[in-house]
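Asks: Each chain is listed here by its residues.
Protein chains: 2
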Amino acid sequence: MALSGFFNPKSIAVVGASRQKSKVGYEILKNILDDFQGKVFPVNPQADSIEGIKCFADLKSIGEVPELVIIVVPAGIVPEIMHQCSQVGVKSVIIITAGFKEVGEKGKELEEEVKRIAKRSGIRLIGPNCLGVIVPGNKLNASFGGKIPLEGSIGYISQSGALLAAILDAANASGIGFSKLISIGNKADINELDLVEALGDDEDTRVIAGYLENITDGNNFVREAEQISHQKPILLIKSGNSEAGAKAASSHTGSLAGGEVAYESAFARAGIIRCNSIKQQFDYAQAFADQPLPAGGKIAVITNAGGPGIMAADAIEGLGLTFAKFSEETISKLQEKLPPAANIYNPVDILGDALSDRYEFALDTVIDDGNVDAVMVLLTPQAMTQPAAIAQAVAKVAGEKPDKPIFCCFLGAEKVGEGIKVLQKANIPQYDSPESTANVIKVMSDYVRWLSRPKRIVKLFPVNRRKVENIIERHLRQKHRQIGETDSKEILQAYGFKTPEGSIARNPDQAANIAQQIGFPVVLKIWSSEIVHKSDVGGVKIGLNNSQEVRDSFDLMMYRIPRKCPDADILGVLVEKMHSTGKEVILGMNRDASFGPLMMFGMGGIMVEALKDVSFYLAPLTADEAREMLMNTKTYKMLKGIRGEEGVDIDAIAEGLQRLSQLVTEFPQIQELDINPYVVGPEGTIPIAVDARITVEKT
Amino acid sequence: MALSGFFNPKSIAVVGASRQKSKVGYEILKNILDDFQGKVFPVNPQADSIEGIKCFADLKSIGEVPELVIIVVPAGIVPEIMHQCSQVGVKSVIIITAGFKEVGEKGKELEEEVKRIAKRSGIRLIGPNCLGVIVPGNKLNASFGGKIPLEGSIGYISQSGALLAAILDAANASGIGFSKLISIGNKADINELDLVEALGDDEDTRVIAGYLENITDGNNFVREAEQISHQKPILLIKSGNSEAGAKAASSHTGSLAGGEVAYESAFARAGIIRCNSIKQQFDYAQAFADQPLPAGGKIAVITNAGGPGIMAADAIEGLGLTFAKFSEETISKLQEKLPPAANIYNPVDILGDALSDRYEFALDTVIDDGNVDAVMVLLTPQAMTQPAAIAQAVAKVAGEKPDKPIFCCFLGAEKVGEGIKVLQKANIPQYDSPESTANVIKVMSDYVRWLSRPKRIVKLFPVNRRKVENIIERHLRQKHRQIGETDSKEILQAYGFKTPEGSIARNPDQAANIAQQIGFPVVLKIWSSEIVHKSDVGGVKIGLNNSQEVRDSFDLMMYRIPRKCPDADILGVLVEKMHSTGKEVILGMNRDASFGPLMMFGMGGIMVEALKDVSFYLAPLTADEAREMLMNTKTYKMLKGIRGEEGVDIDAIAEGLQRLSQLVTEFPQIQELDINPYVVGPEGTIPIAVDARITVEKT
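Chains as they are written, first to last, in the numbering used here: chain A, 1 to 699; chain B, 1 to 699.
Hints in this document: simulated from the structure, not taken from any laboratory. These figures come from a predicted structure and were not determined experimentally. Here a beta-carbon is modelled for each residue, glycine too, at the ideal position from N, C-alpha and C. Just to be clear, a hint being listed does not mean it is correct.
From the structure, some residues in chain A lie toward chain B, with a derived Cβ separation under 8 Å [unchecked claim]:
hint, residue
1, 172
2, 305
3, 433
4, 503
Label pairs and their calculated CB-CB ranges [as the list claims (entries may be wrong)]:
hint, chain 1, residue 1, chain 2, residue 2, range
5, B, 684, A, 555, 27 to 35 Å
6, B, 555, A, 533, 44 to 52 Å
7, A, 203, B, 417, 52 to 60 Å
8, B, 555, A, 640, 29 to 37 Å
9, B, 384, A, 480, 54 to 62 Å
10, B, 74, A, 451, 49 to 57 Å
11, B, 697, A, 640, 54 to 62 Å
Whole structure, please, built from the sequences with the hints as guidance.
Replies: Printed below as a string of structure tokens:
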């Protein structure tokens with residue numbers, strides 16, 4: 001696999017190895033020596049030997065090139081050691097030492113120097129400021145995180161070393177196994193993307209999990225993760241989602257889309273499963289590591305008590321999963337063998353006196369039912385219950401019928417302890433509540449649905465790119481970041497959008513003339529690049545039905561607005577045909593610094609801010625994704641038509657989103673964009689972009 | 001305390017005591033004998049002695065009256081034993097035996113018989129179909145749920161016996177203590193209300209917790225629980241809230257699901273803290289039992305690692321809690337003593353090498369800060385971390401400064417195990433993640449806010465009750481459950497609502513005359529008690545601007561509607577003034593079978609169904625509660641006025657809700673009621689009930 005110098009080295013040098021037990025330089029060396037089978041070279045000019053092993057004064061004096069070098073010396077000396085690595089020809093280095101970027105400007109410079117040396121000499125680097133790397137399968141514990149865990153199939157990447165230590169501590173207690181654990185520290189060279197790729201290629205890893213505080217290269221990360229998610233699930237905790245990321249912006253889309261939304265969209269696109277806590281992450285990870293994927297979300301529940309069965313039912317329904325409807329055959333089988341008081345429908349209640357034989361029979365029967373995708377086995381420790389024997393029965397069925405996943409929830413602690421150990425040994429996931437069990441099944445069936453999505457095909461519409469290029473170039477030359485309504489609409493027209501008829505009037509008569517030509521009713525809008533929110537200053541007047549009304553409104557605007565906005569350069573008034581039939585929606589885009597253009601859809605008009613009924617997705621959009629954006633809002637129901645009202649042309653809105661997605665993908669200069677309102681009529685009509693606003697920036 | 005015969009008996013008889021170890025009759029007797037200090041009388045005509053204790057043939061032959069009788073005999077014999085209890089003069093009985101209401105019609109009859117005997121003889125009854133009662137402080141384990149747990153201050157009521165067994169098993173492992181545990185089974189006599197009252201009075205109980213599948217007498221339960229919540233918190237799991245769960249519930253314990261919304265409202269009114277899982281419930285219960293209440297939601301976080309600190313920050317912000325802003329003094333103190341690399345602002349990062357002295361200093365410092373309401377102490381087990389010593393330091397500060405709550409989150413398992421034990425002994429709650437810790441603080445500070453609510457004062461408006469009485473009586477006499485628009489509006493008028501001016505016309509000229517008098521524009525509405533959805537049959541015509549339009553519309557309705565509804569008795573057409581300025585909202589009420597009238601507020605028109613932006617609360621409403629109902633919707637923002645638009649008269653809507661609340665409280669015959677739309681204008685205007693519909697029923 002990639003990065004094998006880190007994961008499967010034949011020889012390791014520990015530079016900064018120490019004799020003092022309280023030091024990290026001792027701890028790491030000791031952890032390596034405890035398990036590692038290859039050669040180990042402590043490097044420390046002040047010692048002859050450590051833990052009975054010969055110690056070297058420097059890397060050169062080892063006399064051979066260690067495949068992996070671990071650096072534990074004080075931060076200030078790290079560049080010198082890096083030079084030594086370069087001279088000797090080392091290719092893989094882990095810098096444990098802290099005191100770099102994370103401590104401020106000086107540390108940052110030091111880190112830059114280290115990066116430069118690495119880059120120049122072709123050295124790959126994990127850290128600095130990290131805990132190290134652990135590979136149980138290769139008996140490699142090059143870390144100071146604790147003792148080596150069991151071998152397993154979860155590959156873990158952590159941006160917090162301390163958290164990794166806590167995970168190790170918890171995993172060791174509950175027998176969770178890992179393929180690799182990597183603390184990535186400051187990510188001076190190797191980052192989450194490199195490691196997700198490496199774990200994606202790694203045969204020993206079935207599940208990729210990680211804790212991240214930020215993602216360095218969002219765009220590439222999404223692209224790669226999307227590929228890898230097809231091979232194995234990626235489970236990430238992304239913390240640091242509070243406030244800071246949200247960018248202050250003038251558009252609706254900007255204020256509604258925080259950094260958090262971008263991460264949500266990116267994870268959705270890439271099939272990444274987001275976890276909200278370590279507990280949840282390992283709940284999921286164990287299921288993915290040890291159980292087959294369910295074909296769908298139809299669950300059978302077996303329980304020896306009513307209460308937990310009801311709680312499971314609540315959770316299953318609450319999560320949008322379904323109770324499997326048993327076949328006639330299953331029901332008659334259950335009826336025949338279970339006691340008369342048992343409930344033979346789902347959830348199957350095999351009663352408080354159920355022993356292992358009844359559990360085995362019920363599980364064996366329902367798992368055969370073609371309508372069942374997954375089985376949840378609940379157990380409450382009652383007077384006669386024998387948890388260990390029941391766990392063995394579950395393990396037996398699981399062994400015989402390995403194609404459907406089984407999830408256990410043995411409630412309690414002391415009495416069920418032995419049973420839980422039996423389950424762990426048999427690799428059957430055990431959860432602490434019906435709710436978390438249902439959650440795991442939900443996440444697995446969502447992942448299955450994601451896997452079976454049709455191939456993403458982004459439609460390219462024929463457009464007039466040159467025209468857009470010209471308008472944007474002109475604005476950038478004039479250092480106008482805001483593109484006003486008229487130019488914004490020209491850009492949209494170039495990409496196939498229809499906008500209302502109309503033009504600019506400089507005086508009341510001209511306004512009345514334009515209105516006469518395009519036909520009443522019309523709308524007047526003040527035309528000034530300084531006035532962004534026109535309606536806030538009385539700069540929009542709708543529903544004008546005759547020339548007199550148009551003249552009056554024109555003069556009123558010219559009289560009132562300069563008093564409200566004395567600095568605004570007012571160029572005239574836009575007279576437009578009023579499109580009042582149809583529903584108003586908003587289409588928008590906000591460019592995320594890390595993940596690129598984030599498309600938005602929602603209810604239009606002033607409602608959008610009050611109701612926040614909006615949905616987001618990363619561009620470029622496929623037709624399915626655009627439609628899904630619509631369906632993810634409550635507005636959708638209204639657009640489809642309620643109470644006998646005629647619905648609007650849903651596909652036309654979806655097409656609008658796709659065209660917009662093409663525009664912002666082809667023009668990275670566009671930072672923000674709003675079409676609000678986008679007025680949509682019944683099927684077969686063409687929607688109108690009634691108002692629009694675009695912000696650009698040099699790229 | 002009340003029900004002391006169950007909780008502190010001097011003598012106990014076990015009727016159906018058995019020698020056979022696998023039987024419940026043995027298990028219960030054994031559990032009692034293991035700990036109980038009073039007299040114990042096994043009753044079984046087939047045995048001379050059990051476990052070395054003299055056995056009696058029946059209750060009479062004991063020769064004295066046992067204070068508590070536990071019945072374990074088969075269901076069919078239970079009535080006979082109840083007769084014996086009655087003859088001997090027993091006052092408290094627990095029926096463990098199953099096979100009653102929960103198994104169908106025959107069992108139900110048996111249960112009714114038992115209830116009758118109990119009632120007649122003044123016997124109080126727990127069960128049947130229950131696990132029993134446990135009182136650790138009195139060394140009483142009259143149950144077959146497992147071994148007696150530690151003494152503590154949590155009183156637990158469970159409608160699922162098996163779940164109680166699981167709770168006991170888990171509690172014993174983690175050292176959670178209880179004042180009382182009661183399995184209420186079928187609730188033939190004593191129900192959750194009796195027990196919540198008893199635990200409310202109980203000096204040994206600081207926290208009341210429970211698992212319920214239904215609430216027998218919702219109205220009284222809310223009233224009592226509201227009183228008790230002022231003394232001690234009530235933490236309830238209410239399951240069976242999904243359709244599937246309700247079905248599972250009804251097939252198991254013979255209970256019906258209440259409306260989920262009604263439960264939410266009832267719990268909010270009564271200050272009951274709803275828990276979604278057993279884990280969450282005990283997370284909360286431990287905090288309430290062992291820690292003082294925080295004065296507010298301002299949290300200080302102390303951590304020895306960045307990652308968990310960030311996760312805590314996400315959780316705190318996500319839950320709407322706030323980071324305490326430290327005083328100058330706190331900051332300079334922290335700065336002085338903590339290492340330079342530490343973060344002295346909140347979250348306080350005392351670094352990975354922090355020992356107990358640094359934890360103690362930081363905790364001791366921040367807890368003194370007046371801006372801090374609660375402290376969260378995070379620990380990750382890193383190389384140098386000493387969890388047990390740190391736990392001791394935390395316990396020390398907690399002991400010295402007991403007025404502010406401290407919550408710990410030691411991450412991991414093995415390495416932190418000793419530390420967690422130290423915390424348990426010191427009664428400092430320990431949680432498994434920053435998220436669940438933050439959740440606990442959120443729930444506590446919400447409870448504190450609930451406690452400090454102003455006294456509930458329900459305003460009574462002067463109304464014309466007699467008029468409403470007459471209208472309702474007339475409809476009930478005529479067996480009309482639906483009260484049509486005109487009568488509904490008269491009822492509303494009697495309660496101070498304004499309705500549009502207008503009256504009934506029998507011919508086109510009359511209609512035109514009425515319109516002339518009230519002024520244009522007007523609305524015509526077909527008037528027939530058989531036509532409920534008027535607009536569906538073309539029976540509503542809005543925006544009529546002159547007499548001719550009124551005449552034309554009248555005739556069109558008279559021509560068209562009889563063809564659509566040949567059976568409808570058309571009495572005329574209602575001519576009403578049209579109120580088009582203002583926003584449309586909906587006010588409504590739906591009477592819940594258990595909790596009574598449930599008020600509703602939401603956005604009006606057809607939007608209400610698509611957006612489901614509605615809020616509910618139990619009547620009678622105070623002014624604060626009515627306003628809160630408004631604020632709990634997104635519509636509220638729009639009503640307040642957004643983007644320069646003028647807002648509407650919020651208080652007028654709140655008053656409307658209060659008046660409606662008074663109406664439905666004073667007339668229990670009213671089952672459902674809708675005012676839709678209720679048109680509200682700017683401040684100072686009077687809202688208009690444009691359309692209304694009332695359903696009544698004999699009570």
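Asks: Confirm or reject each hint.
Replies: Hint by hint, here is what the structure shows:
{"no.": "1", "hint": "172", "result": "holds (5 Å)"}
{"no.": "2", "hint": "305", "result": "holds (3 Å)"}
{"no.": "3", "hint": "433", "result": "holds (5 Å)"}
{"no.": "4", "hint": "503", "result": "violated (26 Å)"}
{"no.": "5", "hint": "B:684 x A:555: 27 to 35 Å", "result": "holds (31 Å)"}
{"no.": "6", "hint": "B:555 x A:533: 44 to 52 Å", "result": "holds (49 Å)"}
{"no.": "7", "hint": "A:203 x B:417: 52 to 60 Å", "result": "violated (35 Å)"}
{"no.": "8", "hint": "B:555 x A:640: 29 to 37 Å", "result": "holds (36 Å)"}
{"no.": "9", "hint": "B:384 x A:480: 54 to 62 Å", "result": "holds (58 Å)"}
{"no.": "10", "hint": "B:74 x A:451: 49 to 57 Å", "result": "holds (55 Å)"}
{"no.": "11", "hint": "B:697 x A:640: 54 to 62 Å", "result": "violated (35 Å)"}
Hints 4, 7, 11, counting from the list given before, are not met by this structure.
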